[in-house]
Amino acid sequence: MSDNPYALEKAKVLRVYDLTETEKLFLFRFENSEIAENWTFKPGQFVQLTIPGVGEVPISICSSPMRKGFFELCIRRIGRVTTVIHRLKPGDTVLVRGPYGNGFPVDEWEGMDLLIIAAGLGTAPLRSVFLYAMDNRWKFGNITFINTARYGKELLFYKELEAIRDLAEAENVKIIQSVTRDKEWKGLKGRPQQFIVEANTNPKKTAVTVCGPPRMYRDVFETLINYGYRPENIYVTLERRMKCGIGKCGHCNVGTSTSWKYICKDGPVFGYFDIVSTPGLLD
Amino acid sequence: MRYVKLPKENIYDFLERLKDYGKLYAPVKISEKFYDFREVDDVKKIEFHYNRTIMPPKKFFFLPREKMFEFSISKAEYKETIENVEPFVVFGLHACDIFALKIMDTIYLDEFPDKYYKVRREKGIIIGISCMPDEYCFCNLRETDFADDGFDLFLHELPDGYLVRVGTPIGHRIVDKSIKLFEEVTSQDICDFREFEKKREESFKYHEDWGSLRYLLELEMEHPMWDEQSELCLACGNCNTTCPTCRCYEVQDIPNLDGDTGVRIRRWDSCQLRSHGLVAGNHNFRPTKRSRFMNRYLCKNSYNEKLGLSYCVGCGRCTYFCPAGISFVKNLRTIMGLEDKSCPPEISEEIPKRGFAYGGAKQ
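Line by line, the protein sequences are chains A and B. The letter at position 19 of the first sequence is residue 19 when you use our numbering, and the numbering goes up by one with no holes. The letter at position 191 of the second sequence is residue 191 when you use our numbering, and the numbering goes up by one with no holes.
Honestly, the hints are just simulated from the structure, not real lab data. Think of the CB as a built atom: it goes at the ideal place given N, C-alpha and C, for glycine as much as any other residue. There's no promise every hint is true.
Computed list of chain A residues with no C-beta within reach of chain B, every gap over 12 Å [to be verified]: (1) T20; (2) Q48; (3) P105; (4) Q194.
Distance condition first, Cα-Cα at most 30 Å in a straight line; then the derived DSSO-like pairs of lysine-lysine [as the list claims (entries may be wrong)]: (5) K42(A) <-> K68(A); (6) K12(A) <-> K75(B); (7) K12(A) <-> K115(B); (8) K42(A) <-> K10(A); (9) K198(B) <-> K44(B); (10) K67(B) <-> K10(A); (11) K265(A) <-> K289(B); (12) K8(B) <-> K12(A).
Each pair of labels, with its calculated beta carbon distance range [as the list claims (entries may be wrong)]: (13) S291(B) <-> G187(A): 32 to 42 Å; (14) E110(A) <-> D227(B): 44 to 54 Å; (15) K89(A) <-> A280(B): 16 to 26 Å; (16) N102(A) <-> G211(B): 24 to 34 Å; (17) P214(A) <-> L307(B): 28 to 38 Å; (18) N102(A) <-> H207(B): 40 to 50 Å; (19) K153(A) <-> G211(B): 54 to 64 Å.
All chains, please: the whole structure from these sequences, using the hints.
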């Protein structure tokens, strides 16, 4: 790659899926086939996606690193750049650099159970972990994926997860999908922490990944620890405003004088004890 | 280290010769009160006894506004634009500013070296000069009052000239090429140097230990100082612009009128502006002026692991140039309990300091 860390690589949109009213899933492939085949990442890492002439946004990768040749980004239409992204059609070209961030320490998790707790758009980065675990099923013990959203129509990857539910059940993978506000919803209702008790994971040897709106974390942590999940095995992935992705532009800085962090470089994945000793990480 | 002496009568000849190495930038008086690093033609205009420049020397390496790429929408292409940087000389940096550049290096020349910064850093020749602190200086408390490296030459003022420390091969070359201008250092010069350093050490306003500051800042996050002082703050971002180690930047894509081509630029950003922590969807991670005010204090006092220093070098610019008259040093000393001895301060209610973790620990 170039010696300029801000240099961009061309990537083509291969497919676009509508997930919800505001979220779409985009499938990209680098135009340079050598990069396309060799480019890899860790679950939890993100890329900087540029729409020529519009701007650059950090987006976490939501596909599995085991499936080469393409990568997927789940993007919510929320700002100036993402509105333009939502107009992309298959065949359009965008520019990408990355991957950035530390990612989840998936190699350290070998042999452990895996509990994934996602709320809202938090499903996107954790889907990467989930798919990685499914692709490397033998590396992990039992797996539970708790996927929640406010309303049924906002549940990301609902159909995808429902489709594999029965198959997954046979493989000791439990999928729990619930909504918190939707009164009309036919399925499960409740906040993510309510379903931790139903997880098939052994608290003593489970890696827990949590991602969702900041308000959620406190209750989830409390429930997890009360059920005996080990704090050192709890991980979250966070978001901030980012312009560079490599710890220079300063927008994602957080912390205090003894624990100063750049989310893009030191994160976006943080352990539970990072959060306890770095005020401001979650709020 | 190599030491030579530059007699006073040769200083202007020496400065004139520096122009052979590239454009010469040096501190000049730009208004009644202010100094700044400017390109100098007439070396007689250079100020040797300035207190601090309004703009820190980072502006030569990390440009206030810089073109990064030229793009074309139709071709979906971003072409890197790195101009051909000519070598240049920055004369007259104080020790704090040299340390500030070293701090910038730890960020910009880490495992992802910033190319735009790097090309300028490689071409810039740094010549330091000794200084006499004024009441705003506190580099002694930051341990940045004497530069060990990070310069090509460093001039220490003597009554009849300068004691010159040579820091790099380029420094040796500059000395060797004009060796006729230099003399050997004498015993008298060493005495004069010692005298100067002693006088300098004594003229700092504060002589105290700030070792616990980093921890006290964390413990005193509910101190009434934060509310009082952030209320005074105009959130103008002057402190960031004048800070020699502030390095946040904003990136923008600016299209041309033809609707196809344009440039991606970056420009200095300020953490005191509301937009700094704002993300799409209108969520702001630092929504209040207080949180942004505090952010700067915590950032500047955090620990740079590579150098073992704080990010603040004690140059005093943020206090000197603050239009609201907020004193960084005074506020930090308040936190340290050095301004006002009452401890604990009078508080209306005890606010939890978050020592207890989530979950279990609460019971």
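Hints, one by one, checked against the model:
no.: 1; hint: T20; verdict: holds, 15 Å
no.: 2; hint: Q48; verdict: violated, 10 Å
no.: 3; hint: P105; verdict: holds, 19 Å
no.: 4; hint: Q194; verdict: holds, 15 Å
no.: 5; hint: K42(A) <-> K68(A); verdict: holds, 12 Å
no.: 6; hint: K12(A) <-> K75(B); verdict: holds, 13 Å
no.: 7; hint: K12(A) <-> K115(B); verdict: holds, 27 Å
no.: 8; hint: K42(A) <-> K10(A); verdict: holds, 21 Å
no.: 9; hint: K198(B) <-> K44(B); verdict: holds, 29 Å
no.: 10; hint: K67(B) <-> K10(A); verdict: holds, 20 Å
no.: 11; hint: K265(A) <-> K289(B); verdict: holds, 26 Å
no.: 12; hint: K8(B) <-> K12(A); verdict: violated, 66 Å
no.: 13; hint: S291(B) <-> G187(A): 32 to 42 Å; verdict: holds, 39 Å
no.: 14; hint: E110(A) <-> D227(B): 44 to 54 Å; verdict: holds, 50 Å
no.: 15; hint: K89(A) <-> A280(B): 16 to 26 Å; verdict: holds, 22 Å
no.: 16; hint: N102(A) <-> G211(B): 24 to 34 Å; verdict: holds, 31 Å
no.: 17; hint: P214(A) <-> L307(B): 28 to 38 Å; verdict: holds, 33 Å
no.: 18; hint: N102(A) <-> H207(B): 40 to 50 Å; verdict: holds, 42 Å
no.: 19; hint: K153(A) <-> G211(B): 54 to 64 Å; verdict: holds, 56 Å
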